[in-house]
Each structure stands twice: as C-alpha cells, then as structure tokens.
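Participant: Chain residues, written in single-letter form:
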Amino acid sequence: MTAFLLLTLAFAVQATFETRSQIDNTFARQAEIQQSQIQLEELLRLQIDEENSLRGYSLTRDEFYVGQYRQAASGYAATEDAIRRTLAAQQLYGPSQLLGDYARLQSEWRNEVAAPLLRNPRNRLVELDKRNKLFSDYETRTVAAIRETLAATNASLVHSTQQQLDRSSYWRAFWLLVFGLLAILFNAYRSRANRELEQERTVTEILQRAFRSESVPLPHCEVGSAYLSATDHMAVGGDVFDVYRLSSTQALVLIADVSGKGVDAAVLTAFIKFMIRAIALRQSEPAAILSEFNLAFSKAVGNPYLFVSMFVGVLDTSTLRLQYGSAGHDCTYVRSRNGVRQLPVTGPVLGVMEEPFSNETVDLLPGDTLVLATDGLTEVRNRAGELLGDDAMGVIARAGPHAQQLADELVAYVKERGGRRLRDDLAILAIRVLDGEPADA
Amino acid sequence: MRKAVLALMVLWLAGVGFASADCKVHRGVHVVLYSTTDDPSVLIWDSRPRLREYYSASFDAAQAMLPHALLVAPGTHAQVLSCVQNYVVSPLFHSPDDAVGVTITSGQHRGVIRWVLGSDVRTTHH
Numbered sequence: 014m015t016a017f018l019l020l021t022l023a024f025a026v027q028a029t030f031e032t033r034s035q036i037d038n039t040f041a042r043q044a045e046i047q048q049s050q051i052q053l054e055e056l057l058r059l060q061i062d063e064e065n066s067l068r069g070y071s072l073t074r075d076e077f078y079v080g081q082y083r084q085a086a087s088g089y090a091a092t093e094d095a096i097r098r099t100l101a102a103q104q105l106y107g108p109s110q111l112l113g114d115y116a117r118l119q120s121e122w123r124n125e126v127a128a129p130l131l132r133n134p135r136n137r138l139v140e141l142d143k144r145n146k147l148f149s150d151y152e153t154r155t156v157a158a159i160r161e162t163l164a165a166t167n168a169s170l171v172h173s174t175q176q177q178l179d180r181s182s183y184w185r186a187f188w189l190l191v192f193g194l195l196a197i198l199f200n201a202y203r204s205r206a207n208r209e210l211e212q213e214r215t216v217t218e219i220l221q222r223a224f225r226s227e228s229v230p231l232p233h234c235e236v237g238s239a240y241l242s243a244t245d246h247m248a249v250g251g252d253v254f255d256v257y258r259l260s261s262t263q264a265l266v267l268i269a270d271v272s273g274k275g276v277d278a279a280v281l282t283a284f285i286k287f288m289i290r291a292i293a294l295r296q297s298e299p300a301a302i303l304s305e306f307n308l309a310f311s312k313a314v315g316n317p318y319l320f321v322s323m324f325v326g327v328l329d330t331s332t333l334r335l336q337y338g339s340a341g342h343d344c345t346y347v348r349s350r351n352g353v354r355q356l357p358v359t360g361p362v363l364g365v366m367e368e369p370f371s372n373e374t375v376d377l378l379p380g381d382t383l384v385l386a387t388d389g390l391t392e393v394r395n396r397a398g399e400l401l402g403d404d405a406m407g408v409i410a411r412a413g414p415h416a417q418q419l420a421d422e423l424v425a426y427v428k429e430r431g432g433r434r435l436r437d438d439l440a441i442l443a444i445r446v447l448d449g450e451p452a453d454a
Numbered sequence: 462m463r464k465a466v467l468a469l470m471v472l473w474l475a476g477v478g479f480a481s482a483d484c485k486v487h488r489g490v491h492v493v494l495y496s497t498t499d500d501p502s503v504l505i506w507d508s509r510p511r512l513r514e515y516y517s518a519s520f521d522a523a524q525a526m527l528p529h530a531l532l533v534a535p536g537t538h539a540q541v542l543s544c545v546q547n548y549v550v551s552p553l554f555h556s557p558d559d560a561v562g563v564t565i566t567s568g569q570h571r572g573v574i575r576w577v578l579g580s581d582v583r584t585t586h587h
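As they're listed, the protein sequences go chains A and B. The numbering used here puts the first sequence at residues 14 to 454. The numbering used here puts the second sequence at residues 462 to 587.
Among the clues, some could well be false.
[What the hints assert, rightly or not] Simulated pairs of lysine to aspartate or glutamate, DMTMM-like, Cα-Cα distance not exceeding 20 Å:
| hint | chain 1 | residue 1 | chain 2 | residue 2 |
| --- | --- | --- | --- | --- |
| 1 | A | Lys143 | B | Glu514 |
| 2 | A | Lys286 | A | Glu399 |
| 3 | A | Lys274 | A | Glu218 |
| 4 | A | Lys428 | A | Glu399 |
| 5 | A | Lys143 | B | Asp521 |
| 6 | A | Lys143 | B | Asp483 |
| 7 | A | Lys428 | B | Glu514 |
| 8 | A | Lys428 | A | Glu392 |
| 9 | A | Lys312 | A | Glu368 |
| 10 | A | Lys312 | A | Asp277 |
| 11 | A | Lys146 | B | Asp499 |
| 12 | A | Lys146 | B | Asp507 |
| 13 | A | Lys146 | B | Glu514 |
| 14 | A | Lys146 | B | Asp521 |
I should point out that these hints are in silico values taken from the structure, not numbers from a laboratory.
For reference, chain B alone in the conformation it holds in the complex:
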C-alpha cells in the first residue's frame, strides 16, 4: 500500500513536471539545496500548498505548519522530480518563485520526496 501511494505521488509529481517547461530546473536534474547566506539550511515540505502557505502566512501560522516540514542541512543533494513555475507568491518577494518537487539523495533524509522553494535549489556543475 505504501509503495503504491509513493508510486502515485511520483507519477503526480512527474505530471506536474511535464506541464512546467519554463521552470529554472527540470525533471531529472541533480541539485544541491542551499538557502540564504543568513541561514543556508533548507525547509522541505510535505505538500506544495504548505510550501506556498509558509511564505505568505503570518509568523504564528507558519510556526503551526512547522511539523509538516523537515530541515535539511545546506549542501544536501537531491534530484528534481517536478517543478511548478511561479507557484509560490509572497508579498515579501519581488517576484513569484517556483515550487520544486525533489527526492533527497543524501543525508539522513535520503529517499524522502518533498517540495522545496525554487530559490533554495542550486544546480550542480558536474
């Protein structure tokens, strides 16, 4: 049952990926997660709406959502499964940001599939 759900989730993420050709990363690309220089660790989310909600919600609402997020160390490797262009909108952003679905490929959360903010995803050059 668990494997079936995982497979469905992967298929869904892949479908979204096909529909978003203009994202800055594409399906299959290997990336490194790294946030802002102030605090480079990255929050990864179990759903795309929560990812969006986190960046537009109040502090208290965002705090209440934290159990749905994992904190990964900066430099954690991942592979892109899908990407939705300009999905994350925040009054504090100059422009909307992408939502990127990834599979973590290193560290203690290896194998986990989550959503991450487009600007926290850095492509590797090897």
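Just chain A, same shape as in the assembly:
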C-alpha cells in the first residue's frame, strides 16, 4: 500500500513537471511567433516607407526621399532576414515560402518600378504606376496571408496551452483522488490492524499477568521479578516465570520462553506453568520434570515448529542447594562474591526431540543471587545493532545488591540499550540468598 502511495505521488510529481516543461516549450514558441508578427508589421511599414519615399521623390525630386528610400530598403532586408530565421526555427514552411514570395516581389518592384523612377523621375509613366499598384496589391495580399498563418499558428499554440493546462488539471485531480483514496484505504487498513493487534495484546497481557507468578516469599531468600514488553506494535511474546513452593523448604523455580508470539503463546505459558507445577508435585528431579513435560508438550501441542526453552530448578532453602535442568535456556546466571557465572544448559529445547535431560547442582552461598532471564536480555541490540550477549554478565555484576533492585536495573538497562528497537519481551526472575546461615539449616 505504501508503495502504491509513493508510486501515485511519483506519477503526480512527474506529470506536473512534464506538463510544466511542455507549457514552457509552448510559451517559448508563442513568444517567437508573436515576435515574428511584430517584425512582419515592421516589414510592411518599411515596404510602405520605400513606396512613399519613391512617391515623394517622384513628386518633389528632393534627394532627401532617396535617402529615406535607401534606409527603408536596408531595414527591409535585415527585418526580412530575422523573420525568415524565426520561421525556419519554428518549422513554419508555409509562411516561410510566402515570405520568400514577398521578398521577391519587393525586389522586382525595386528593379522594375523604383529603379526607372529613380533614374528619371520626370518620366512617371502611367504603366509604371499600374505596375506599382500591382506590386502593392500583391505584397499587401502576401503579407495578409503570412499574418493570417502566423495568427492561426499562434491561436493553435494558445489552444494547445489551454489543452495542456486542462489535461494537467485533470491528471492532477485524478492522481490526487487516487492518492487520497489509497491514503484513506491505507489508514483504514492500518487502524484496523492496530486495533486488532492492540486487542490481541490486551488479551495477551491480561492472560500473562494472570499466569505470571506473584511474589512468593521464600525462607531465607528475597525474590525479585520484572517484565518488559516490547514496543506496542509488536505482539506479546511467550515468556513465563514461576516460583512455587513445593514444601516448607523446597521451591520450584521456573523460567521459560515459548517460540512464537500472541495469544497462542500466552495460552501456552499458562499450560507450561501449571503443567510444570503438577509434574513437580510428583517428580522431585528437574531432569525428570523436563522429560515428562517434553513428552506431554509434544503430544498435546503437536506443532513441530513450536518449541520451548526452559529452566526448571528445585531450590532447597534449608541447604541452599539448587538442583536444576536447563532445556536450551542459557540466560541463567549465579552472581556471587567471585563474580557472575553462567549456568550450563543440560539438554535441548523442549518440543523438538525426545532427548534425555540431566540434572546439575549448584550450592548457593549467602549473598549469592540466582538470576534467570529470557533471551530479551542477551539479544537486545544497541544503536550499532550489536547484541548484548555475554556482556549481560557484566551488567548483572554491576547491578544493585537486592533481588528486586537487580531485576529493575536489568530492565532499565535493556530499555536504554534497545530504545525503540526492542524486538522481544524480557522476563527477569532473581532470587537472592540472604546473608547469614539459614535458620533451619
């Protein structure tokens, strides 16, 4: 649609310039023709001057009239030459030929009428007068014919200019109409698309808010979380996290990222959250939870293009031991006094293949923070288009000490780095072990 709009605009602009060029050309031609018309009247005046000078000489024998005659004859030649050049340039062959006839008549008149009279002004014969009249009649008629042709050409050019202006107006109106209609259609289409997207986004966000875990207090730990939506015109992604107490000392820790976006992905997050909870009540090991979920997910969803990266951990708050399984989810870190380290994945993403998953164990110390994030953290790009990648660990290391503070600062960092270019949602779950030994350890 945008291309059509641009094309319409381009046509309108091109047509305007083309018309302008044509009208310029026509005006230039008109100016030349009008100049020729003026010069033609000047030529006729010079011819009459020649004849009147000759009459004056014939009647008075005053040499003054001979000078006038020669001056007019000289001016006649120069003016006739100027008109001839213009007519040739304008390719007006008819008037050009008539002008040739006119010049020839005038030349013959000079030879046959003017020259004998100048030689002997006393012998002004009747026959010579008649010949003078004949020349005068024919020259007048020839000039009239040239005048008429030039006037017709000029009128034709005026008509042509008017036609070009009319045509230009019609085309401008047409393109304006097309442009306007396309713009209206485009606007309607875009409004509708935005409305639909906004509705979907609202539904999805409501769903996700409902499915996302509220803050669950854990013994000897503080929990922080944050969620950042991508820009408004992007559909909401399928990020989910959960902290669920399995017993008085054990908690299920979950973060997952479903491929795809929109309501479907949001609904899947609910499926993931409650299914993992249900499995975790029966299976104590994260690897087993992932395997069972993988099987259930493949059978329930049946979409080979849909997959989930997931981190499932079981945290014992009395021993501070975290046992986890990571199905292709690599945005998981532990921040300790010695720095930040990334937790290795223990199996492939879910929904792709039935590979066995393994468990890993991490013993946390007081002051350590478990940081779980989705790929919105590592895949955020700066203005140069560079991914954050492993530099995320540096950002985590520099963040504030408390869990919620850390989550908020990570979100702020991503917002600043990504600006309006955020392509993916971001979920952060941070669990910090409080300083001091657990009370029931």
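Place chain B on chain A using the hints.
Facilitator: Frame of chain A; chain B shown alone:
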C-alpha cells in the same frame, strides 16, 4: 456604332444591377474610389471576368492583364451602374467581394465605364 455598343453595355450592366439586390451599393449611387491605405489608387477593369481573374491569378498572369486596366487616382468620383454580389473570389480574401460596374464622373477618365472591386468603392455622405 460606338454609341450603340455603349448603350448595350449600359443596358447589360443595368440588368446585372437589378439582379443583385444584396450588394453593398446599388445602381445610381454616387461613390468615391479609394483602395487600401497602403496604396489608395484604384485599378478599374474593362470586364468583370478580368476583375475577378486579377485577384485570383498569379503575379505574372495579373501583370499580363494590366493593359486591360486603368489606374485612377484615389478620390475619383463615380456612379454605380450595377453590382454583382460576392463575384470576386480570391484565396487571399477572407470572404468574396462584390464586382461593381461604375461610370467615372471625375478626373481624366470621366465618362469611362469600368468594373471595380466592391471594397474599393466608398459611398459619399452628401
């Protein structure tokens, strides 16, 4: 014999005059001969076809016809004997012109009967 021919010519001219009621001048009207402002002297012709031929012929053909024309000074008086509407047609005219038969009533050609172009004939207002 000469008088008889003249009388016949007058009668013929008069007959034509009766048949041309829509001419701009009518029989008996007194006129002054005056051509274009470029050259106001007037050629008068001994026959109506020659008058027409002069205005449609080539320059050379028109030149050959000149012995059949008289040149009268502008302001020469005449009386209309007849008129043929739109008789003279020329590719150079916007519209056909009348052929007017006149008797010259002043100047050296007084009494001569000839044909003249309608637009060279000006009616007098006295």
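Participant: Each of the hints needs a verdict: does it hold here or not?
Facilitator: Hint by hint, here is what the structure shows:
1. A:Lys143 x B:Glu514: holds, 16 Å
2. A:Lys286 x A:Glu399: violated, 33 Å
3. A:Lys274 x A:Glu218: Holds, because 11 Å separates the two Cα atoms, which is no more than 20 Å.
4. A:Lys428 x A:Glu399: holds, 15 Å
5. A:Lys143 x B:Asp521: The hint holds at about 14 Å.
6. A:Lys143 x B:Asp483: Distance ~31 Å between lysine 143 of chain A and aspartate 483 of chain B Cα, so the pair is violated.
7. A:Lys428 x B:Glu514: With a Cα-Cα distance of about 101 Å, the restraint between lysine 428 of chain A and glutamate 514 of chain B is violated, given a limit of 20 Å.
8. A:Lys428 x A:Glu392: At roughly 12 Å apart (the allowed maximum being 20 Å), glutamate 392 of chain A and lysine 428 of chain A satisfy the hint.
9. A:Lys312 x A:Glu368: holds, 15 Å
10. A:Lys312 x A:Asp277: Within the cut-off at roughly 16 Å; holds.
11. A:Lys146 x B:Asp499: holds, 10 Å
12. A:Lys146 x B:Asp507: holds, 17 Å
13. A:Lys146 x B:Glu514: holds, 16 Å
14. A:Lys146 x B:Asp521: Given that 20 Å is the threshold and the Cα spacing comes to 14 Å, the pair holds.
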